[in-house]
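Number of protein chains: 4
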Amino acid sequence: MKKLGIGLIGSGFMGRAHALAFRTDGGVFELPATVELEMLADHSAEAASRAAQALGFKRSTSDWQALIDDPAVDIVAITTPNILHKPMAMAAIAAGKAVYCEKPLAVTADDARELTEAAERAGVVNLVGFNYLKNPMIELAREIVQSGEIGEITGFRGIHAEDFMANPNAPYNWRCDPAQAGGALADIGSHIISLARYLVGDIDAVCGQLATVHKQRPLPDGSGVKPVSIDDEAQFLVRFANGATGSISTSWIASGRKMQLDFELYGTKGSLAFTQERFNELKLYRSVQAKGREGYTLITAGPDHPPYGAFCPAPGHQIGFNDLKVIEVKALIDAVCGHGQAYPDFHEAWQVEKVAEAVKLSAHEGRWASVEQH
Amino acid sequence: MKKLGIGLIGSGFMGRAHALAFRTDGGVFELPATVELEMLADHSAEAASRAAQALGFKRSTSDWQALIDDPAVDIVAITTPNILHKPMAMAAIAAGKAVYCEKPLAVTADDARELTEAAERAGVVNLVGFNYLKNPMIELAREIVQSGEIGEITGFRGIHAEDFMANPNAPYNWRCDPAQAGGALADIGSHIISLARYLVGDIDAVCGQLATVHKQRPLPDGSGVKPVSIDDEAQFLVRFANGATGSISTSWIASGRKMQLDFELYGTKGSLAFTQERFNELKLYRSVQAKGREGYTLITAGPDHPPYGAFCPAPGHQIGFNDLKVIEVKALIDAVCGHGQAYPDFHEAWQVEKVAEAVKLSAHEGRWASVEQH
Amino acid sequence: MKKLGIGLIGSGFMGRAHALAFRTDGGVFELPATVELEMLADHSAEAASRAAQALGFKRSTSDWQALIDDPAVDIVAITTPNILHKPMAMAAIAAGKAVYCEKPLAVTADDARELTEAAERAGVVNLVGFNYLKNPMIELAREIVQSGEIGEITGFRGIHAEDFMANPNAPYNWRCDPAQAGGALADIGSHIISLARYLVGDIDAVCGQLATVHKQRPLPDGSGVKPVSIDDEAQFLVRFANGATGSISTSWIASGRKMQLDFELYGTKGSLAFTQERFNELKLYRSVQAKGREGYTLITAGPDHPPYGAFCPAPGHQIGFNDLKVIEVKALIDAVCGHGQAYPDFHEAWQVEKVAEAVKLSAHEGRWASVEQH
Amino acid sequence: MKKLGIGLIGSGFMGRAHALAFRTDGGVFELPATVELEMLADHSAEAASRAAQALGFKRSTSDWQALIDDPAVDIVAITTPNILHKPMAMAAIAAGKAVYCEKPLAVTADDARELTEAAERAGVVNLVGFNYLKNPMIELAREIVQSGEIGEITGFRGIHAEDFMANPNAPYNWRCDPAQAGGALADIGSHIISLARYLVGDIDAVCGQLATVHKQRPLPDGSGVKPVSIDDEAQFLVRFANGATGSISTSWIASGRKMQLDFELYGTKGSLAFTQERFNELKLYRSVQAKGREGYTLITAGPDHPPYGAFCPAPGHQIGFNDLKVIEVKALIDAVCGHGQAYPDFHEAWQVEKVAEAVKLSAHEGRWASVEQH
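Chains as they are written, first to last, in my numbering: chain U, 131 to 504; chain R, 131 to 504; chain B, 131 to 504; chain D, 131 to 504.
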């Protein structure tokens with residue numbers, strides 16, 4: 131069988147998740163290739179070496195360009211801070227490698243466009259890590275929407291709220307820097323935008339507001355405080371191309387919320403409700419039910435919801451967050467082997483960034499902003 | 131003890147709820163007066179007579195002015211279609227009677243202002259039926275907010291969604307008429323606006339969108355269809371005077387939702403979450419909790435949450451929707467007897483209507499609209 | 131219309147609930163008679179007078195026999211401590227009055243039998259206050275069971291747990307006295323037994339255990355402690371006459387539980403789940419559902435679930451605990467006026483007590499005990 | 131680093147879960163050894179070869195004894211039908227290999243005792259797959275219990291209900307055979323028994339009933355039906371050695387339940403509630419809370435609940451069923467490398483089987499049965 135060498139850049143939260151997914155994938159899915167954890171790059175040789183050993187990579191380097199150029203590396207996985215995504219992805223594209231990049235793809239929509247165009251020109255497989263789309267229950271939601279089971283979609287209300295920056299003493303980090311795609315909207319808001327697009331479709335226009343609640347944060351080294359200008363929370367109205375309307379919120383200071391990636395989706399014949407806090411469940415309401423028996427049905431993930439069955443043959447046992455990455459990696463490997471399209475790809479990530487950028491524009495100018503479709 | 135004669139105009143959903151509340155109040159609360167169900171007015175003598183008998187009123191009439199003028203009537207309760215609120219309330223004020231009017235107070239904010247000014251000039255007690263504010267758990271939420279238990283309030287996300295107009299074949303009625311304060315925003319949206327104001331405070335500015343999903347509806351007599359222009363759903367961004375931001379949604383076509391009057395409210399030290407679908411519960415998160423024990427606490431209504439104890443000495447037994455009206459009527463009777471201020475009064479209802487009107491303006495002009503404070 | 135005079139004995143938690151229900155009933159339901167709050171009896175003339183005024187009764191007395199004998203009293207409502215139920219109910223039966231008695235009907239099953247036989251001989255209407263059976267969602271559950279919608283019933287798992295005696299310093303009271311039908315099983319366990327019988331049918335045999343967790347409690351007057359021998363919690367296995375099996379638990383020391391009257395009921399074609407903590411909801415599972423769409427449907431109480439509509443024409447608004455008593459009183463008044471049978475009557479309460487007594491016997495002898503059917 | 135060769139017998143549901151866990155473990159945890167998927171045995175050479183390839187094992191065989199004897203195999207993992215556990219485990223013990231066996235350990239308690247004694251005599255590491263004990267939230271529950279945070283434990287109410295045999299046409303299989311540890315109690319009931327023991331401690335006595343609801347089932351080959359005598363559901367009362375009491379239910383015909391492994395656990399100062407259907411959550415009630423703020427706190431799994439953090443550094447993201455096996459395997463490998471004791475070991479599994487056997491005895495004889503401690 132074909133062998134695919136993986137080169138991973140970065141070994142933080144997402145780096146580990148990527149490594150684990152590559153390692154696990156062949157045990158869960160029947161893959162068209164075998165996966166080799168070939169090389170890991172990190173900011174220093176020592177860090178890279180330590181991470182490579184911990185995560186099971188054969189080799190390590192502090193030189194990510196060397197990783198990209200390595201002939202044994204077929205897929206370049208990028209899990210570094212946002213600002214590094216573009217140069218790394220560009221280099222990988224230039225080297226003709228498949229690219230698997232964490233979200234957000236780039237710091238600006240223009241950068242995302244450049245990356246999309248470069249990847250398409252080069253014809254390399256490209257995938258962006260919007261892992262929550264890979265949930266079998268989200269696939270089910272999409273199937274329910276697309277099959278017309280709940281009629282035409284008329285409304286969407288979504289949110290991605292967490293509280294990891296709720297403490298005003300949470301130190302300043304690169305996520306607080308506007309030049310690095312900082313802020314709640316860019317950082318986690320991209321998940322709920324991608325979900326809205328996946329389920330409802332293109333967004334035509336938005337109107338939003340941003341709020342910086344904690345106007346300064348302590349420096350990590352304790353040497354003082356630094357002013358903050360990025361958004362701690364954002365809300366925006368949306369108009370979809372198909373006529374549906376709705377609103378989306380995003381916050382990283384939502385005290386108490388650990389993973390509130392929620393939506394309610396309304397159609398003319400029913401509705402759906404979902405929260406990532408219980409992501410093995412989906413609530414479905416159908417308008418036509420027996421009299422006195424109407425209500426939301428709580429669907430529990432099981433083998434009837436592919437690819438749940440690849441993880442467990444029994445319903446109700448639940449998959450975990452890392453399993454979403456395992457599903458994502460399966461899509462990547464299939465695409466690299468010529469089976470199907472990788473999704474969500476750079477093009478999709480670009481569309482997501484255009485929405486986020488339009489929200490920012492609209493917030494700064496106090497008006498609606500349109501989102502051009504490509 | 132003092133006797134208070136009640137005159138009720140209208141005997142539909144809300145008319146019955148008023149009647150029941152007046153009847154029950156003295157059994158639940160120690161009142162400063164006894165309540166007499168004196169007279170009921172309805173559109174015809176026959177309807178009024180039938181309703182008076184069913185609801186326990188002594189007399190009936192088809193002439194609401196006569197009811198207002200009746201010397202035995204001390205409190206005029208108005209539960210007619212919105213368009214009739216103003217003339218009836220004006221007449222009651224002119225007669226020096228206390229006025230208890232269902233929401234929305236009037237068809238326009240200007241009408242609400244006129245009513246407010248007239249009532250204040252006349253010095254009559256006035257109360258508007260935003261019954262959901264009377265929930266002990268909402269009082270608890272307000273106490274938590276005002277005591278600073280969850281810090282400064284930074285965000286609010288609210289919704290009032292039901293589905294009684296979700297079916298495109300739900301017939302055209304006065305709620306579909308813009309001249310009668312029709313539309314989801316005016317009809318049920320006023321509840322979530324009043325709740326936002328009650329908990330967070332004045333709203334400075336809004337930016338909204340309205341959507342008419344079902345563009346025509348059948349006439350009730352089956353003689354054809356009628357075009358509809360009012361909103362089936364609306365969403366808007368809000369900026370509160372205290373700096374908090376948020377979003378509010380309202381819909382009467384939200385398939386599956388029967389009483390989704392929900393909010394999430396975030397502060398710098400915690401948060402609250404509530405849904406009217408389980409209105410004897412409130413979720414409270416406090417940022418400072420023992421390590422590994424953090425989470426939302428589900429508080430269940432009980433005697434520690436006044437006036438729950440007036441209904442039942444044991445926690446967890448639950449009060450019902452009609453009990454909210456019983457609490458509301460208690461506030462009215464107290465105010466009429468000189469104990470405390472009636473709240474929410476006409477002035478407050480006027481502020482609510484200004485917000486709704488600003489949402490409509492902002493939606494029509496595609497921009498933010500400010501809400502003047504009075 | 132016929133007039134019915136109510137005589138209420140006792141004015142505690144349940145006395146107030148009865149008074150409120152009688153007062154409210156005619157406003158909610160179209161009754162075949164008018165209700166007069168005629169007389170209230172309590173342990174002293176002063177207490178009775180104060181309670182009568184607070185609850186709206188015309189007259190008061192410290193002599194309950196006088197109340198029973200009063201010609202204007204048609205219905206005798208008994209809400210005193212358990213040990214007084216029998217003499218009072220016997221006197222009322224002897225006087226040919228309708229009797230409405232709180233649960234448990236008597237201190238022993240034998241007493242309950244005597245009461246049943248006396249009431250049947252005298253032909254007086256008799257009703258016992260198992261209020262939770264009056265919930266529209268319990269009626270729905272019964273309808274679902276009896277219609278065969280979920281097949282043959284095979285299993286039942288029930289509980290009634292509260293925590294009002296969880297604190298070891300909760301003082302000794304009559305509920306701690308075995309001679310007065312004390313203990314969690316007799317006091318609150320009767321609710322879940324009545325529910326099991328209402329939904330599944332006769333119970334043939336039980337096997338239980340009782341536990342006294344707090345072996346002494348302080349005297350209310352602070353003069354010391356008193357040993358306690360009644361059960362703080364009990365669990366028992368059940369075999370129903372129709373072959374279904376199950377288990378039932380009851381506790382009044384279940385820290386955190388305020389009204390956990392829950393059951394899960396399994397049939398060959400589906401199941402039900404319910405908790406009194408959210409008693410306007412019922413969960414229904416049907417085994418035959420569309421592939422990948424299976425799950426429990428959360429049914430919310432509404433006008434399709436009689437008599438919810440008498441309280442509110444809109445679904446999802448919720449009825450409260452006191453409304454259950456209003457429904458119960460409706461059944462009583464109907465029966466007194468010759469419309470239908472009062473249920474649950476003394477006979478049913480006797481059956482419930484036989485089950486509880488069999489549990490105690492089985493616990494003391496460490497074996498199964500059969501429950502004779504009558 | 132030390133190398134550990136894994137020999138896996140069986141490749142069904144649990145076989146795959148074992149394989150995946152061994153494969154993944156080193157990516158999640160820092161292990162004291164590297165793991166080699168050395169050999170897989172299955173009922174035929176072909177099945178074994180296919181499974182070995184799919185699951186990533188180097189070699190395969192149809193001869194499980196050969197696998198056990200293979201010098202490269204250090205750990206023997208047994209995931210075959212229950213009846214085969216004993217001979218395989220005995221052989222592995224005889225060969226001095228570490229044994230990792232799925233639950234239930236054996237078909238009778240006596241067999242479990244023999245296995246325990248043999249393993250202890252041989253001094254080999256032994257572990258049984260009660261995977262649900264490995265949940266970080268169960269560890270948290272145990273910590274809360276053992277620290278005295280909720281006082282002395284007084285009550286336990288547990289259940290393990292699923293519905294995979296609810297359909298009367300679910301075919302006869304080895305789980306229906308009493309000689310093979312068939313029946314709901316032995317098959318899935320062992321999970322809730324082990325959980326009760328883990329949290330509350332030794333069980334002194336039980337009293338139970340078993341029910342065979344579907345008295346025959348179709349043969350898998352369609353050639354007819356076969357009578358069934360094992361239990362489809364069981365309920366039993368328990369008395370713990372520490373004085374706590376409770377009840378436990380188990381069913382595999384609980385229509386609608388996919389993974390209802392639930393418990394409620396009461397102490398003198400609080401309580402816990404848990405369901406495996408949402409196993410990243412634990413509800414905690416503490417009796418001493420601020421007035422009016424009491425309630426269950428919903429704790430969400432996060433890095434404060436080891437070893438959650440090994441899977442994900444952010445709370446609320448959730449681990450999945452397969453991750454429980456990853457944690458289990460970590461404990462095994464640590465023990466094999468001399469770090470800590472493997473738990474739950476054969477001795478514990480023996481205790482669990484004694485409880486189940488006592489339930490059966492008590493059910494057949496209609497009386498309480500004691501469970502001897504060892």
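Among these hints, one or two may not hold up.
Where chains are identical, the list cannot tell them apart; a pair therefore holds if satisfied intra-copy or between any two copies.
Below are the DSS-like pairs computed for lysine-lysine, each with C-alpha atoms no more than 30 Å apart in a straight line [to be verified]: (1) Lys-188 to Lys-133; (2) Lys-356 to Lys-345; (3) Lys-188 to Lys-399; (4) Lys-133 to Lys-399; (5) Lys-216 to Lys-460; (6) Lys-132 to Lys-490.
Since the hints were derived computationally from the structure, they do not count as laboratory data.
Tested hints:
In this assembly of identical chains, the alpha carbons of Lys-188 and Lys-133 lie at most 30 Å apart whether taken from the same copy (14 Å) or from different copies (17 Å). Proximity of Lys-356 to Lys-345 under the C-alpha cut-off of 30 Å is restricted to the intra-copy arrangement: shortest distance 9 Å within a copy versus 53 Å between copies. Within a single copy, Lys-188 and Lys-399 get their C-alpha atoms no closer than 54 Å, and across copies no closer than 46 Å, so neither meets the 30 Å cut-off. Within a single copy, Lys-133 and Lys-399 get their C-alpha atoms no closer than 48 Å, and across copies no closer than 50 Å, so neither meets the 30 Å cut-off.
In this assembly of identical chains, the alpha carbons of Lys-216 and Lys-460 lie at most 30 Å apart only when taken from the same copy (24 Å versus 38 Å across copies). When the C-alpha separation of Lys-132 and Lys-490 is checked against a cutoff of 30 Å, the pair qualifies neither within a copy, at 45 Å, nor between copies, at 55 Å.
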